[in-house]
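**Q** With chain A's structure known, arrange chain B on it following the hints.
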Amino acid sequence: MKITMAHGSGGKSTSDLIGTIFEKEFGDPVLSKMEDSAVLPGAGRIALTTDSFVVTPVFFPGGDIGRLCVCGTVNDLLMSGAVPKYLTCGFILEEGAETDDLRKIARSMSETAKEAGVRIVAGDTKVVEGSGGVYINTAGVGFVPDGIDIGAENCREGDAILISGNLGDHHAAVMSRRMGIENTIVSDCAPLVEMVNAMKQSGVHIHAMRDVTRGGLGTVLNEFASSSGCTIELEEESLPVSEQVRGFCGVLGLDPLYMGNEGKMVAAVAAEDAERAVACIRASRYGENAAVIGHVATGERILLLKTPIGGTRVVGPLYGEGLPRIC
Amino acid sequence: MTEIRDFLKTYDGPSVRLMEVCGTHTAAISKNGIVRMLSPSIRLISGPGCPVCVTVTAYIDRLVKLCLQPDTVVLTFGDLMRVPGSAMSLNDAKAEGGRVRMVYSPLDALRFAEEHTGTTCVFAAVGFETTAAVYASLLEEADRSGIRNFRLLTSLKVMPPVIDWVCANQGGIDGFIAPGHVSVITGSKIYQPLAEKYSIPFVVSGFEGEQLLETIYALVKLRGKPRVMNLYPSVVREEGNEEAQRAMSRCFEPCDAAWRGMGIIPASGLRLHGDFARFDAGSDGLLEDHSFNTNCRCAEVLTGAVSPTECPLFGRVCTPQTPQGACMVSQEGSCYNYYISGRGSK
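Residue numbers (this note's numbering), protein chains in the order written: chain A, -17 to 309; chain B, 21 to 366.
Be careful, since some hints might not be right.
Pair ranges (Cβ atoms, derived) [to be verified]: (1) P290(A) - E330(B): 24 to 32 Å; (2) G229(A) - R131(B): 38 to 46 Å; (3) R89(A) - R131(B): 29 to 37 Å.
Don't read these hints as lab results, they were simulated from the structure.
Note that this is a predicted model, so its numbers are computed, not measured.
Where a beta carbon is used, it is the ideal one built from N, C-alpha and C, also for glycine.
This is chain A alone, in the form it adopts within the complex (with noise of 0.2 Å):
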């Protein structure tokens, strides 16, 4: 069935819509109890984040829209050293979006939510002219325990750089999918519950931590640099990429450390506890290729790559879009 304006109309559609896929799929009592709003206990410190979600296609080899939406804002959350707990969604379907298709997304935001330990507790839908797109925000509540400080502006100088895992799989995975480049890369996008409690547990100083998303790991430890006053250095040769990933890059002339990714971190932590804070990521879900990848430096605000032949060079934010070169 293709989704139609009386699906948004607020009636009898949108509820049949609502109790047929999202209910049905989310499973969760306050949810199902469709007030105006979730109510629900909570103490402490509270995290709160929003993200909206906008790919094309939303289905991409490693992943889908759902499991994006999950992941983008659990990752915020658990970012800011909070423990994930419950999210909202705000679906904008299109005219003729499908409802086999709706329904794939919302299980795979199911499965994605119970992964990563969340419940989807309210959410909204609303139906626009066009041409089947989907797009969904989602909210995340999370608390942040006694103790925890982490934040862009903490990296002190000795700090170790420690980056999760491979870069740029999700960039490349969904521009070959846009370009019907055929390969066998697939999206990284997935939640970093596991490895950030593992580090936790251990008792790692966590002073800084982002995932690195739009932007790539370029414009993240630029923010980190600026934040905290400090340079940070990085080791070209010692960044974690794949071999398809790099291939893909040098043809389109794009610059792994711009590339975005949809489950993996960047964190500083203190220098005694780099060499165990990656054990724990490597031996969590997802990390297995975490690396120390560079350290803080007092000096400006910048940062530096060392690159293999011996050179150095400052590293920018990334500025407009990555792009293939012309000649």
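**A** Just chain B, lined up with the frame of chain A:
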């Protein structure tokens, strides 16, 4: 390689100014952090080899006009979308309702035309010999397949005349890092007359960091000698790719071309000719050029007369987010690369 590195770092002979002509070399020099590996006596300057950067205002203006016409879509590489025209960029035109579509390869543009037969699809064909060879094979494909709604707005240029122009008008250049991709098509032989005319060496280079260091080393050693050396023999031959050259001759003929900031250089361009002229979207006469900002020193930057950091706009009003000229837009532009990599701020 250690010997080369040490030599380049500690060189204290006569000062040497070397020009990299190709935008991809400019980007590779930034990416590998090469400038900080060189002695202050070796200076690298960027030349007019970024096709987007040397495009004149009239060309952008024509693209803007075309994309606002009914039943017409302009297909372009992304960099070109942000280049300021006299009134607006293609990005601005898109926001005004213009039909502009970014493509990653010229082949995508042809496929788009096949799928949209009711629309005139104009591809913004900028580039040098390398890209011209690709366009030639594309047009032959369009010709064979009978695709009638595909057009090129060309701003195609060839390297030797502009290198000649730079040597004649700027001088003080002790050697050229000759473009790798262009040389694949043209062959390394095209630099010999220039090497002899100006008594300077040309070294054809690949794009890896070590290849560039070897090239710079060779150029310093060959200073003052009219030599052409090919250090990219895995893909570049002396004669070039003769089949590609023949395809280019079938589609294009030489013409005078306008270069941003340099004016019209005789026989430095290519235009469609013969049967293939029917694919032209009106490329003749696009010669007018003016600076969006009158303090913009694009012209001198493009010819290596000044370093990007010597332009009063650089890093102040002119940044990748607010480009005043094409050199700050293109990822192969000298200003863009100096800005993002800290090149020039030793």
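**Q** Are the hints correct? Go through all of them and say.
**A** Verification of the supplied hints:
Under the hint 24 to 32 Å, the C-beta atoms of P290(A) and E330(B), about 31 Å apart, fit the expected range. Checked against the hint of 38 to 46 Å, the C-beta distance between G229(A) and R131(B) comes to roughly 23 Å, which is inconsistent with it. Against the hinted window of 29 to 37 Å, the Cβ-Cβ separation of R89(A) and R131(B) comes to about 34 Å, which satisfies the hint.
Against the hints set out earlier in the document, a violation occurs for number 2 only.
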